[in-house]
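> Spelled out from the first residue to the last, the chains are:
Protein chains: 2
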Amino acid sequence: MRQPGIIFDLDGTLVDSVYQHVAAWHSALLANGIAAAQWRIHRAIGMSGRLFLPKLLKDEGHCTSKPLIGRLERAHDDRFNVMIRQVIPLPGALQLLRQLKRRPVPFAIATSGDAKQTKRLLGRIVGLPSCPVITANEVASAKPAPDLFELAAGRLQKDPTECFVVGDSIWDVLAGRRMKASVVAVRTGGFDGHELQESGAYRVYADLLELSESLGQLGFPPESSK
Amino acid sequence: MRQPGIIFDLDGTLVDSVYQHVAAWHSALLANGIAAAQWRIHRAIGMSGRLFLPKLLKDEGHCTSKPLIGRLERAHDDRFNVMIRQVIPLPGALQLLRQLKRRPVPFAIATSGDAKQTKRLLGRIVGLPSCPVITANEVASAKPAPDLFELAAGRLQKDPTECFVVGDSIWDVLAGRRMKASVVAVRTGGFDGHELQESGAYRVYADLLELSESLGQLGFPPESSK
Chain A
546 MRQPGIIFDL
556 DGTLVDSVYQ
566 HVAAWHSALL
576 ANGIAAAQWR
586 IHRAIGMSGR
596 LFLPKLLKDE
606 GHCTSKPLIG
616 RLERAHDDRF
626 NVMIRQVIPL
636 PGALQLLRQL
646 KRRPVPFAIA
656 TSGDAKQTKR
666 LLGRIVGLPS
676 CPVITANEVA
686 SAKPAPDLFE
696 LAAGRLQKDP
706 TECFVVGDSI
716 WDVLAGRRMK
726 ASVVAVRTGG
736 FDGHELQESG
746 AYRVYADLLE
756 LSESLGQLGF
766 PPESSK
Chain B
546 MRQPGIIFDL
556 DGTLVDSVYQ
566 HVAAWHSALL
576 ANGIAAAQWR
586 IHRAIGMSGR
596 LFLPKLLKDE
606 GHCTSKPLIG
616 RLERAHDDRF
626 NVMIRQVIPL
636 PGALQLLRQL
646 KRRPVPFAIA
656 TSGDAKQTKR
666 LLGRIVGLPS
676 CPVITANEVA
686 SAKPAPDLFE
696 LAAGRLQKDP
706 TECFVVGDSI
716 WDVLAGRRMK
726 ASVVAVRTGG
736 FDGHELQESG
746 AYRVYADLLE
756 LSESLGQLGF
766 PPESSK
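Sequence lines, in order, name chains A and B. Throughout the first sequence, residue numbering follows the working numbering, covering 546 to 771 in sequence. Throughout the second sequence, residue numbering follows the working numbering, covering 546 to 771 in sequence.
It is possible that some hints are incorrect.
Repeated chains share a single entry, so a pair holds when one copy, or any two copies, can fit it.
What the hints assert, rightly or not - Straight-line distance between alpha carbons at most 20 Å, and here's what the computed DMTMM-like set of lysine to aspartate or glutamate pairs gives: (1) Lys603 to Asp752; (2) Lys664 to Glu683; (3) Lys603 to Glu618; (4) Lys611 to Asp659; (5) Lys664 to Asp623; (6) Lys603 to Glu755; (7) Lys600 to Asp752.
Simulated from the structure, these hints should not be mistaken for lab results.
Looking at chain A on its own, in the form it has when it is part of the complex (with noise of 0.2 Å):
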């Protein structure tokens, strides 16, 4: 067996950044007229706005136009560049990508985020060793379809069943089984961990602290060890 590699998802699971999209969704749909719960916004975050927000749209008795379903993404990214600034790593995400740099183990982090804003979400981990990082810029589909994961595993040049994918949302589970990877899940995102363990998990952790210390479950050795 050789060393498998892991692919991070990035909002909710290396920066506490999930309530900042709900946050920037719900003002951003307020704004267009649109009175949608901040629960089902909160679901959704994951995928791609053009993914999600037609089914809102019509949950909510709303038309769905090309041009509306822009016009909200742009009002989100706005409101959520400015929110960026009080986005702050989560507990153990710097000091997991360093001890699996130090080990090593190949690691990259695969995000439905376009280019620009991932840049300035990696401004937030200061001391974030370097990576692969791929974003919804070089894919076709975002999550839930495996493509940002596919493209990850060949920049880690591993096959995409030798891979964890770590993510925090039941997309990243769904879209990691796809490629028919191992999907470890954290409840970071504030998502139901009844629900990631359900739609197929491998394991479910709290955070990355308790991950990083369970990484034997995972089948990788103690660190002191090697």
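Position chain B relative to chain A; hints supplied.
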């Protein structure tokens, strides 16, 4: 069997304010140099600050002191009060309360919020039918202590065991069960539906729209037959 009374929680049950509470606490904590993950703050919403802050501060490696708790509570309130203008009623809230008024089924609102904040939140539900409203100002202990719900049952002239409690958080379920009410949970606060069920909810619905359509499951006769 007498006609049951229904006691509603406010935040996350009748109005879509849980995510604003998360943002207000997150910002209040950051302003005091405390970086708490938002999903952990989310899970504490529904309790009063003085109940959840000591554990949260300890987990983040900060000492708890009465002045710090007071400062954080005031910082939260200042921020939340600004955010109230983005708070809107949750889908089905107004329709359900109006239907109960018509039948008539006696109902009350019981919230961990203080009187001033509650008045402003209730003002966001335009056309709210009159009913008893119990706030944290009237009890010594907020949820998960049963005091608020017990006071509400008394105001409805019902024995606590004759009441349904409707809430969105684990703390509503625990408080309602302590007074031996049947607790109906809704998922509109963004809480884990499985965890609400496991905490002992009598029934879990997506939102008040689904609850309204399911009153027969709770033993209320169809409205038209009355």
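> It remains to establish, for every hint, whether it holds in the given structure.
Going through the hints against the structure:
1. Lys603 to Asp752: For Lys603 and Asp752, only the inter-copy Cα distance (17 Å) is at most 20 Å; the intra-copy one is 34 Å.
2. Lys664 to Glu683: Only inside one copy: Lys664 and Glu683 sit 14 Å apart there, 50 Å across copies, limit 20 Å.
3. Lys603 to Glu618: within (17 Å within a copy, 39 Å between copies)
4. Lys611 to Asp659: Within one copy, since 19 Å is at most 20 Å while 44 Å is not.
5. Lys664 to Asp623: within (15 Å within a copy, 33 Å between copies)
6. Lys603 to Glu755: between (39 Å within a copy, 18 Å between copies)
7. Lys600 to Asp752: Answer is between: at 17 Å across copies they meet the 20 Å cutoff, but 30 Å inside does not.
The structure fails none of the hints (numbered hints given earlier).
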